[in-house]
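**Q** Letter by letter, the chains look like this.
Number of protein chains: 2
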Amino acid sequence: MKQFYCGQLDKTFVGREITLFGWVHSRRDHGGVIFIDLRDREGIVQVVFQPEDKSLFEKAEKLRNEFVIKVVGYVRERPLGTENKKIYTGEIEVIVKELEILNSCSILPFDISEYTDVSEELRLKYRYLDIRRDAVYKVLKLRSDLLSITRNFFVKNGFLEIETPMLTKSTPEGARDFLVPSRLNKGTFYALPQSPQLFKQILMVGGIDKYFQVVRCFRDEDLRADRQPEFTQIDFEMSFVEQQDVMSITENLLCDIFEYVTGKRIEIPFLRMDYEEAISKYGTDKPDLRYGLEIVNVTSIFLDTQFKVFRSIIDNKGSINVIVIPEGYIFSRQQIDDYISFVQSCGGNGLAWMKYKENKFESNIVKFFSELELNSLKEKLKLVGNEIIFFSAGEHRKSCELLGLVRQRLAKELGLIKDKNEYKFLWIINFPLFEYSDEEKKIVSVHHPFTMPNYKQLDILETKPLEVKSCAYDIVLNGVELGGGSIRIHDLQLQKKIFSLLKISSEDIENRFGFLLDALSFGAPPHGGLAIGFDRMVAILTGNESIRDVISFPKTQKGICMLSGAPSEVDKKQLIELGLMFKDKK
Amino acid sequence: MKQFYCGQLDKTFVGREITLFGWVHSRRDHGGVIFIDLRDREGIVQVVFQPEDKSLFEKAEKLRNEFVIKVVGYVRERPLGTENKKIYTGEIEVIVKELEILNSCSILPFDISEYTDVSEELRLKYRYLDIRRDAVYKVLKLRSDLLSITRNFFVKNGFLEIETPMLTKSTPEGARDFLVPSRLNKGTFYALPQSPQLFKQILMVGGIDKYFQVVRCFRDEDLRADRQPEFTQIDFEMSFVEQQDVMSITENLLCDIFEYVTGKRIEIPFLRMDYEEAISKYGTDKPDLRYGLEIVNVTSIFLDTQFKVFRSIIDNKGSINVIVIPEGYIFSRQQIDDYISFVQSCGGNGLAWMKYKENKFESNIVKFFSELELNSLKEKLKLVGNEIIFFSAGEHRKSCELLGLVRQRLAKELGLIKDKNEYKFLWIINFPLFEYSDEEKKIVSVHHPFTMPNYKQLDILETKPLEVKSCAYDIVLNGVELGGGSIRIHDLQLQKKIFSLLKISSEDIENRFGFLLDALSFGAPPHGGLAIGFDRMVAILTGNESIRDVISFPKTQKGICMLSGAPSEVDKKQLIELGLMFKDKK
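These protein sequences, in sequence, are chains V and W. Following my numbering, the numbering of the first sequence begins with 1 at its first residue and continues without gaps. Following my numbering, the numbering of the second sequence begins with 587 at its first residue and continues without gaps.
One or more of the hints may lead you astray.
The list that follows gives simulated cross-link-like pairs (lysine-lysine, DSS-like), each with its CA atoms no further than 27 Å apart [said to hold, decoys possible]:
id	chain 1	residue 1	chain 2	residue 2
1	V	Lys469	W	Lys588
2	V	Lys456	W	Lys645
3	W	Lys588	V	Lys156
4	W	Lys727	V	Lys156
5	W	Lys1055	V	Lys2
6	V	Lys572	W	Lys1159
7	V	Lys558	W	Lys1158
8	W	Lys1027	W	Lys1083
9	W	Lys1158	V	Lys441
10	W	Lys1042	V	Lys62
11	V	Lys573	W	Lys1144
12	W	Lys1159	V	Lys441
13	W	Lys724	V	Lys156
Hints are computed from structural coordinates only; laboratory data are not their basis.
Model the full structure from these sequences, guided by the hints.
**A** Printed below as a string of structure tokens:
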């Protein structure tokens, strides 16, 4: 067995005989000597074959890239002037006296060290080659470290890791379940869990008090954007807690994780922001606080306006919102038009705009406004000159959301995110409990139906359900929702009332949640918890755009594993055993 | 949030005001005072309601078993003579000044503290009540601790935890796969992994060097005996290692685990035993070494025997094996007959037997043997008197296996396992690589087709495949196979040869293992690993018979989750989306 990694050797090893295992990263023949960069997961070391030992040298001449070898040799300092300061082992080299070729290598589909032109599909097909790259290895190593830090954090804080079932019953998270046909109970299916939500609540009813798991979850979604059919989440639940307690544990966990990666302690507690404020100020419930460009509601200035567009929107209870871009005066007509088209492509009507310089507003709409309105605007927005102002008018939330998208685009295009290692956390709280679904023509849960309503609003639950806030909280980092949780309902009657408000039929309730209701009737403690998207967090911490980059064997957007070829057709025999057939295959 | 658990209070808390949360474990009204045993996961403390505060007392009178309450009170020493030495908190009690009833409890289906008469099905249906029992909690806690110890062991030793896919391709472990129909790729299926075998090998080809995972695995078996459709295994793999290295890491891991549980360091290295020796001496490849009763081959004594039964068996290359039971002379005829019937129920022809006392053999078969044979027997078996000898004659392996079963039964009935906390580990090595399958009419792998053959026998691989041993090793504890592993094949040509010997069609090879063969062609390092059945290990360590007792939400033998009712029927819509239908339902 190996005692040292190639990448770990330094001057302290000089003079020692050593055995190394690894891959031929590159080979240079120079002055009758063969230099091999020998690579293992920890790095590269230079090994040298000198011509004196003929049979050894002949063997070395056969070496090609990615051959697997074992060498025995002694470590010496590199001759003066040949050191390589770029790598850790650059001061030494290993003079080989024994070589064993453990395996050869076919012609590579792509070069290990220069891969940038290779398509993602090819990299995933040959994932074992891809993983040999230092960058990929480092991600997997960090991921492994964070798993360990996460688990040890929870253990240290008295949480029990409990493995909940993977073969379970459909959970009501809103997304589609992956189903697993049961052979022993023909005609029925298990579902792979979208989250261990109900099981962790059951564990609380079981008195476990503090549960955690780093757990695989599954959603059969159309794989738009950056989704994977299986993903990992940090999942925990606690009894006898308030919202504040769950948030505090989460903050401490993230402190440990981020300190490990960045070396710096993040500041806690994180900022708390009401859902409504986030929408009004940033047009989203996951605002990126690394830059400004906050949305300002200027409706009050235009209450008496003669400008017809604003007039009619205000009359229809809409609002006028703006973003001020300092130094935006230089925006060209083309740039402005691009933003207008962008807003239209997002479903808006467009943007109005004004520039401001030397005490003067410029725009084709300036003429519609009174001096008073313009002065109020200037004051409210604290204009100093050289700005451009984007106006979005309409139904308040939609108007803000459109400006929120404009804000994100501005940040990108103006390069407002200067420090890639800046991490701005915040909590979004006071979400609405319900929202109205145009599709389903009824109210639906904003989070899930087990979310506790704001205790103080229980009296208006039935009369004004859409006004009720919930005890849910989302954790947001740099504009990304990292996770979320809530205090859960532990009261049987309240849970039943919520189901009834959601118009879930008694039969459905019994079928899907009967066991939860049972559990609530037998001494359920107050409890709450949270889940964090582990893949997403690792992606942010490693500066990767996609969660595919931080998963060992990710699937493509079509849900295919390029390496193994899964999913694949199966033997007819297997279908027969399950009593299944395909509809159009007969 | 709670600061202390009920079960943690002791004299050091006396005089302090404290807030507790928990369940009413029991209530006693005595001398106008109400005593509640308040329980949380850490134990029980006595809380006292005195009659002076009337409204408080009235509230306390409403308390019933398993109500969830919050109390504020101060800790005091129990009055002299009322201490309860049986529990940790028995020297103190909490005088309550505030009570909040957080939840009530319906009439319980079974009592939390006395459950022995309750059926397993009922316990699993109300698993949240079952888990409140101290014994169940302790198992889950220990399991959680062992997960942590296991992972920290591997991290400490330079292993990376890498999460392999759950939605993957059929693996060739022999058992049936659970299938997951793909909606995005209609007509195809993912398979849930029976083990991460191929992925961990791929990770070695990727240069990860040391991988581990505590991972869920799935087998769709008929759930005879003590199987679960999903189970947890400790899984690891290492590059550039020999058998010895993997075994040594395993021993060190088990040391850490067993020391945590028992407080004692187990002795390493463990005993190594050849497969053939295990079969010949114990009739099984997982012998329980906590007791003797070794099988002895006495064939050589009877080579010239006139006893027809033995004669014909020896002529057919069979063997005669015995177990000697010291002090077995007292076995009644009924007892002996029971063992004979037992052997017949196991597929054997029966047992011959002889008793030995005062230099004399007794049995209806003694008359068939010569003085020489009997004397040789006496000498070989070192008989001292008062023994009974059971003979099993026939094909060698079968004869030994039958005696192996007799041996196990004897150990149980004679109470030979005295110390429940004795742990006898051993390694079984030198397994045959192949065995002949009567069912499939061809040779099949004893372990799996990626197992490295004994390096020294590669020349007879094709000519005498059944004589070739493998580099596989099983770890056995107290007669239970705890896990197993092997050095894997890293040579492409050798792997192809094995597939060809196994008569796997080229198409099958390409479909099922094409990506592995690809990987082997691109610089695969020598590697090997092991997997340990985590549930089984926890069951042994907690003295539980069944792995169901150590799984948070186990399924019944029919694969049903009594709690959630999974598996269940699903909406037609879901089947339509998958393009699936049931054969007999149309």
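**Q** Holds or violated: are the alpha carbons of Lys727/W and Lys156/V at most 27 Å from each other?
**A** holds (13 Å)
**Q** For the pair supplied as a hint, Lys573/V and Lys1144/W, confirm whether the alpha-carbon distance does not exceed 27 Å.
**A** holds (21 Å)
**Q** Lys1158/W and Lys441/V were given as a pair; does the straight-line alpha-carbon distance stay at or below 27 Å?
**A** holds (22 Å)
**Q** Next pair to validate is Lys588/W with Lys156/V; report whether the Cα-Cα distance is within 27 Å.
**A** holds (16 Å)
**Q** Under the criterion that the straight-line Cα-Cα distance not exceed 27 Å, is the pair Lys724/W, Lys156/V satisfied?
**A** holds (18 Å)
**Q** Between Lys1027/W and Lys1083/W, does the CA-CA distance stay at or below 27 Å?
**A** Given pair Lys1027/W, Lys1083/W holds - Cα atoms ~19 Å apart, limit 27 Å.
**Q** Mind checking the alpha carbons of Lys456/V and Lys645/W for me, to see if they're no more than 27 Å apart?
**A** Holds. Lys456/V to Lys645/W sits at ~24 Å (cutoff 27 Å).
**Q** Please verify whether Lys558/V and Lys1158/W have alpha carbons no more than 27 Å apart.
**A** holds (24 Å)
**Q** Taking 27 Å as the top limit, are the C-alpha atoms of Lys572/V and Lys1159/W close enough?
**A** holds (24 Å)
**Q** Given the hint that Lys1055/W pairs with Lys2/V, test it: the Cα-Cα distance must not exceed 27 Å.
**A** Since the Cα atoms of Lys1055/W and Lys2/V sit roughly 26 Å apart, the hinted pair holds (cutoff 27 Å).
**Q** Holds or violated: Lys469/V and Lys588/W, Cα atoms, limit 27 Å.
**A** holds (26 Å)
**Q** Lys1159/W and Lys441/V were given as a pair; does the straight-line alpha-carbon distance stay at or below 27 Å?
**A** It holds: about 20 Å lies between the C-alpha atoms, which stays within 27 Å.
Comparing the model with each numbered hint stated earlier shows that all of them hold.
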